[in-house]
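Read in order, the letters of the sequence shown correspond to residues 0 to 181 in numbering that gives the first Met the number 0.
You may find that some hints are simply not true.
[Claimed, not checked] Computed cross-link-like contacts, BS3-like style, restricted to lysine-lysine with a CA-CA straight-line distance of at most 27 Å:
| no. | residue 1 | residue 2 |
| --- | --- | --- |
| 1 | Lys143 | Lys129 |
| 2 | Lys108 | Lys54 |
| 3 | Lys143 | Lys124 |
| 4 | Lys129 | Lys93 |
| 5 | Lys129 | Lys119 |
| 6 | Lys174 | Lys157 |
| 7 | Lys54 | Lys129 |
Don't read these hints as lab results, they were simulated from the structure.
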Amino acid sequence: MKRERGNENDTRENLDRFILDNPGVSFSHILKLFKINRGTLRYHLQYLEGEERVKSIRKGQQNCYYSTQVGSFDPVTGASDLTRKQIRILRAIKDDPGVSRKGLLDLTKQSREEVNYNLKRLRDKKVIWKIADGGDPCYEFITKEKLAAEMMAIILEKFLDDEMDRETFLMLTRKLDEDMDS
Numbered sequence: 000m001k002r003e004r005g006n007e008n009d010t011r012e013n014l015d016r017f018i019l020d021n022p023g024v025s026f027s028h029i030l031k032l033f034k035i036n037r038g039t040l041r042y043h044l045q046y047l048e049g050e051e052r053v054k055s056i057r058k059g060q061q062n063c064y065y066s067t068q069v070g071s072f073d074p075v076t077g078a079s080d081l082t083r084k085q086i087r088i089l090r091a092i093k094d095d096p097g098v099s100r101k102g103l104l105d106l107t108k109q110s111r112e113e114v115n116y117n118l119k120r121l122r123d124k125k126v127i128w129k130i131a132d133g134g135d136p137c138y139e140f141i142t143k144e145k146l147a148a149e150m151m152a153i154i155l156e157k158f159l160d161d162e163m164d165r166e167t168f169l170m171l172t173r174k175l176d177e178d179m180d181s
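Let the hints inform the model, and build the full structure from the sequences given.
Right, dumping it as structure tokens:
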């Protein structure tokens, strides 16, 4: 493989970040924004696909690109590497717990595909969870307190159904209380 110039690597990094921030962006849209020739763009996109940093999906007459990078998010500290569109969805969910997917379409002004893609990413990162299923599911932000309450309910149910002995139940509830206090 030939040695690359520094600006080629910069272009690729900018392209990678752009696709992360704009999932589902089309080849023609990237071409217009980056103002590079078609062959150069194709080269960088193929390189990123080879590195498994982006994935292309054929939609109609052109390819649309999605990032394959999965980041981390700590709901307690708020540290994240979420995209702007994911942050917009997360804020909408935090401001309106139980908001439906249709509500998120209206609140975030994103397309159905973008909302579905970003909801999946946020669920994969364990930042939100689906609280209602059906025709139009609803979503809620996962907080440390909600997670602890959910875990306590599961532990209590197992204890009451005689699937857990008393000592294990007490040990788990103490551990959960300690984790909540720290």
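Hints, verified against the model:
1. Restraint check: the Cα-Cα separation between lysine 143 and lysine 129 comes to about 16 Å, which is no more than 27 Å; the hinted pair holds.
2. Only pairs whose Cα atoms come within 27 Å are accepted, and lysine 108 paired with lysine 54 is accepted, the gap being roughly 24 Å.
3. Taken as a hint, the lysine 143 and lysine 124 pair is honoured in the structure, with Cα atoms around 14 Å apart against an allowance of 27 Å.
4. Between the alpha carbons of lysine 129 and lysine 93 the distance comes to roughly 13 Å, so the proposed pair stays at or under 27 Å and holds.
5. A hinted pair counts as satisfied when its Cα atoms are at most 27 Å apart, and lysine 129 with lysine 119 qualifies at roughly 10 Å.
6. Pair hint lysine 174 plus lysine 157 holds up; C-alpha atoms about 16 Å apart against a cutoff of 27 Å.
7. For the suggested pair lysine 54 and lysine 129, the alpha carbons sit about 26 Å apart, so the restraint of at most 27 Å is met.
Every hint from the earlier list agrees with this structure, and none is contradicted.
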